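A.B. asks: Here is what each chain is made of, one letter per residue.
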Amino acid sequence: MSDLDPAFHDHAGRPIVVVTGIGLVTPLGFGTEANWAALLAGTSGIRRITRFPTAHLRTTIAGTVDLPEEADGPMLTSSERVGRMAALAAEEALAQAGLGATGGFPGPLMLGMPPVEVEWPHRFDLAARVEGEPRYKGLTEAATGLESLFGTACFGGVGERLAQRFGTLGAPIAITTACATGASAIQLGVEAIQRGETEAAIAIGADGTVQPEALIRFSLLSALSTRNDDPARAPRPFEKTRDGFIMSEGAACLVLESLAHARARGAVVLGRVRGCGEKSDSFHRTRSNPDGGAIIKAMRNAIADAGLTPADISYVNAHGTSTPENDKMETLGLRAVFGEQVPPISSNKSMIGHTLSASGAIEAAFSLLTLRDQMLPPTINHVEPDPAIGLDVVPNFSRAAKVTNVLSNSFGFGGQNVCLVLSGETV
Amino acid sequence: MPHEVWITGLGLVSALGEGRAAHRAAFAAGTPSPLDAVSHAPFALHPAPVLELDRQIPKKGDQRQMEPWQRLGTYAAGLALDDAGARALAPEMDLIVAAGGGERDLALDEAVLTALAPLPPAEAALRLNEMLANGLRPTLFLAQLSNLLAGNISIVHGVTGASRTFMGEEQAGADAVRVAAARVAEGRSPAALVGGAFAAARWDVLLLYHSGGLLRRGASFAPVFARGNAPGAIPGTLAAFLVLESADLARGRGARGLARIEGMACEQARRDGTDTSLAAARRAAARLDLPDGPLVVISGATGMAGPAGAESVFLAGLDRAITLRAAGNRFGWGVEASFPASLAMAALALAYAKLPAPLDATEAPFDGAPEKILVTGFGAWRGEALALLGRIPEESQP
Numbered sequence: 001m002s003d004l005d006p007a008f009h010d011h012a013g014r015p016i017v018v019v020t021g022i023g024l025v026t027p028l029g030f031g032t033e034a035n036w037a038a039l040l041a042g043t044s045g046i047r048r049i050t051r052f053p054t055a056h057l058r059t060t061i062a063g064t065v066d067l068p069e070e071a072d073g074p075m076l077t078s079s080e081r082v083g084r085m086a087a088l089a090a091e092e093a094l095a096q097a098g099l100g101a102t103g104g105f106p107g108p109l110m111l112g113m114p115p116v117e118v119e120w121p122h123r124f125d126l127a128a129r130v131e132g133e134p135r136y137k138g139l140t141e142a143a144t145g146l147e148s149l150f151g152t153a154c155f156g157g158v159g160e161r162l163a164q165r166f167g168t169l170g171a172p173i174a175i176t177t178a179c180a181t182g183a184s185a186i187q188l189g190v191e192a193i194q195r196g197e198t199e200a201a202i203a204i205g206a207d208g209t210v211q212p213e214a215l216i217r218f219s220l221l222s223a224l225s226t227r228n229d230d231p232a233r234a235p236r237p238f239e240k241t242r243d244g245f246i247m248s249e250g251a252a253c254l255v256l257e258s259l260a261h262a263r264a265r266g267a268v269v270l271g272r273v274r275g276c277g278e279k280s281d282s283f284h285r286t287r288s289n290p291d292g293g294a295i296i297k298a299m300r301n302a303i304a305d306a307g308l309t310p311a312d313i314s315y316v317n318a319h320g321t322s323t324p325e326n327d328k329m330e331t332l333g334l335r336a337v338f339g340e341q342v343p344p345i346s347s348n349k350s351m352i353g354h355t356l357s358a359s360g361a362i363e364a365a366f367s368l369l370t371l372r373d374q375m376l377p378p379t380i381n382h383v384e385p386d387p388a389i390g391l392d393v394v395p396n397f398s399r400a401a402k403v404t405n406v407l408s409n410s411f412g413f414g415g416q417n418v419c420l421v422l423s424g425e426t427v
Numbered sequence: 428m429p430h431e432v433w434i435t436g437l438g439l440v441s442a443l444g445e446g447r448a449a450h451r452a453a454f455a456a457g458t459p460s461p462l463d464a465v466s467h468a469p470f471a472l473h474p475a476p477v478l479e480l481d482r483q484i485p486k487k488g489d490q491r492q493m494e495p496w497q498r499l500g501t502y503a504a505g506l507a508l509d510d511a512g513a514r515a516l517a518p519e520m521d522l523i524v525a526a527g528g529g530e531r532d533l534a535l536d537e538a539v540l541t542a543l544a545p546l547p548p549a550e551a552a553l554r555l556n557e558m559l560a561n562g563l564r565p566t567l568f569l570a571q572l573s574n575l576l577a578g579n580i581s582i583v584h585g586v587t588g589a590s591r592t593f594m595g596e597e598q599a600g601a602d603a604v605r606v607a608a609a610r611v612a613e614g615r616s617p618a619a620l621v622g623g624a625f626a627a628a629r630w631d632v633l634l635l636y637h638s639g640g641l642l643r644r645g646a647s648f649a650p651v652f653a654r655g656n657a658p659g660a661i662p663g664t665l666a667a668f669l670v671l672e673s674a675d676l677a678r679g680r681g682a683r684g685l686a687r688i689e690g691m692a693c694e695q696a697r698r699d700g701t702d703t704s705l706a707a708a709r710r711a712a713a714r715l716d717l718p719d720g721p722l723v724v725i726s727g728a729t730g731m732a733g734p735a736g737a738e739s740v741f742l743a744g745l746d747r748a749i750t751l752r753a754a755g756n757r758f759g760w761g762v763e764a765s766f767p768a769s770l771a772m773a774a775l776a777l778a779y780a781k782l783p784a785p786l787d788a789t790e791a792p793f794d795g796a797p798e799k800i801l802v803t804g805f806g807a808w809r810g811e812a813l814a815l816l817g818r819i820p821e822e823s824q825p
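One line per chain: the protein sequences are C and S, in this order. Here the working numbering is used: the first sequence runs in plain steps of one and ends on residue 427. Here the working numbering is used: the second sequence runs in plain steps of one and ends on residue 825.
Just so you know, these hints were derived from the structure itself, not from any lab. All figures in this text were calculated on a predicted structure; none of them were measured in a lab. Take these hints with a grain of salt, some might be off.
Claimed, not checked - Lysine to aspartate or glutamate pairs mimicking EDC-like chemistry, simulated, CA-CA at most 16 angstroms apart:
#1 C:Lys137 to S:Asp631
#2 S:Lys781 to S:Glu798
#3 C:Lys402 to C:Glu425
#4 C:Lys240 to C:Glu325
#5 C:Lys137 to S:Asp532
#6 C:Lys328 to C:Asp386
Unchecked claim - Some chain S residues flagged as far from chain C (calculated, every beta-carbon gap over 12 angstroms):
#7 Thr587
#8 Glu689
#9 Val740
#10 Ala812
#11 Pro825
All C-beta atoms, glycine included, are put in the ideal place defined by N, C-alpha and C.
The whole structure should be built from the sequences, with the hints applied where relevant.
C.D. replies: Put into structure tokens, the structure is as follows:
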């Protein structure tokens, strides 16, 4: 490693990976600065669902992004929403980075997104073409020649269209690790740069699954808040009366580059992805092992990967879903990692809800803005502290703080745990 | 690559059977893969073999938490761990899965459409909520969720290192292996369990692939490079998982390698005339250190005419004698499982110094011991992936 320039390589001799562009779409708005201002102001993006009828649903609130394309017509399907929001976030990030904005990005696309499929509007369209009972065999015959349906509903479709639009190199990778997806996408990009496969990568986390069936499926898992009468006050991460997460949607894009590549082209460096850690859990499909072992290991792995110790972490952008289980287990994990010195933590989900496959990327973006402005975003709706939590959750109001390194947590169903360390310093 | 990456175990389930021995025997005999031309006519498919799930998924409770493709994949993942003798590595092993999805409660979908399709859209939307809220089983969501194959492998087999689930049909299977191998090669991870699964006999997934024009119509089998006026893929139930590890780790624990991964490259042409499959495959090939002279190729051709034609031109352009074996002639089209299964087939050929018996005129006889095998993956819709596998010299084995 003696021939490596220490200014451009980390403690493990790997290229330093920095962020040179950020794009954001959430229920708080379009664009990074609009989102950040709303977040610091403690604004809620949760509201009553108006996009589809909510009769017979146990939860009737969500965070929703109103796409201009939907203003006068039917709602887009999830796959289309994911692609549209991902493209909006990528456009903003690439423009800021000044890289690949002309449709020729010099690296791969790492796309975190939910699984997509043929949806109810498609099935109803197909059923209308079937004479007699709409059985699957007849629906399949009716789908003959509908290549646009395949392009919409196949797994590779969203990434293919984004790769085409932004001219990324190689095969786009679409990844899903449940609620850790956005962080996994960033991790894939960071690793590709660290390995020297590429000097730059686009990492996106996007989700658009606020639709009836997805809402019902999460409801049936008893994962969602039913505080329907007061949408803005429903998400209450780490608060005593929290009763579940609130589905939401959005997208974030980070343009990742080696520091050497960014410096050579004179790009403005917005921050650094200093470490990534993951550890999967084998305990249960939706619950962490009660010992918190995997989430503790994921946090420790990320901090060690960054070449840091827990004392170097100034703030934690918590996963903080507002489910009784997650927030309890995350607290247990934080206490195990940080002991008596748990730094301030807060949950962006108190304002934007749980954007699922997008959340890891959205929260990484907000972590970089936290570093830039030295401002901690709040955990809103903090009315009745949970004595079992007892942490500084930056209650209700943002505040200034000295922030050097941020730990951003993402924990998902299926035992998927991914943590990132973001840093304002590049050395 | 600082670490040499070996394939030390494979878990293979196809219409030909399960496991290393059954597939070796079928390959050697040139056994045609069973074909079910009735259950999903007008589409034929290669059916699943009968599996004793209890052997790899001992708890009935776990089996009930999964739909068919999760069970199939979890089963094959266990086979791979056993084949590699790698159970002890599981806690720190990477797990990279190329996920399927799209499995539905078919009866519920049909009941909903029968009841609601005749109604005005606004009324249908209201009733849809009601029928889904009352009709969906709570456990079904996770049993069908793409990343829960990895979740179930973690739970059932205790694989708890990095866990990642890739989506994107055949290309996801190729990129899963590429990333897994890269992580082992750079020393980031000691070992990886990587692969995918596909349950063919399901109308919900056939609907999707047929909408893309990817399926061959008709009751008969034809070799993938000779589907003439009835092109398209014949889907086949398939699961393929590989255990990858560094050569040092394998030698240290006395595990023989089947083959070593000498290079992998994934491209994805737009296939729109400006960027062809042929050009993409050539970009990928330029990243591999292909040996001079005659070459053995295990092709992932699907039976789709366009990509098969591009592949033929690509192989001819390598300008040497090519001995071809098509994985799709034996397994059918296994979507996400296809590339890992082709690699498994190549690994067996290298480990046992024997290519599968020819099945048609495009597969020339070959009696020698292959030293290197090029594995291709031209996806039915998108994706051009290549891998170069090499025989592990006896003196390198433990």
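A.B. asks: Identify every previously stated hint that the structure contradicts and give their numbers, smallest first.
C.D. replies: As far as the earlier hints go, 7, 10 are violated by this structure, in ascending order.
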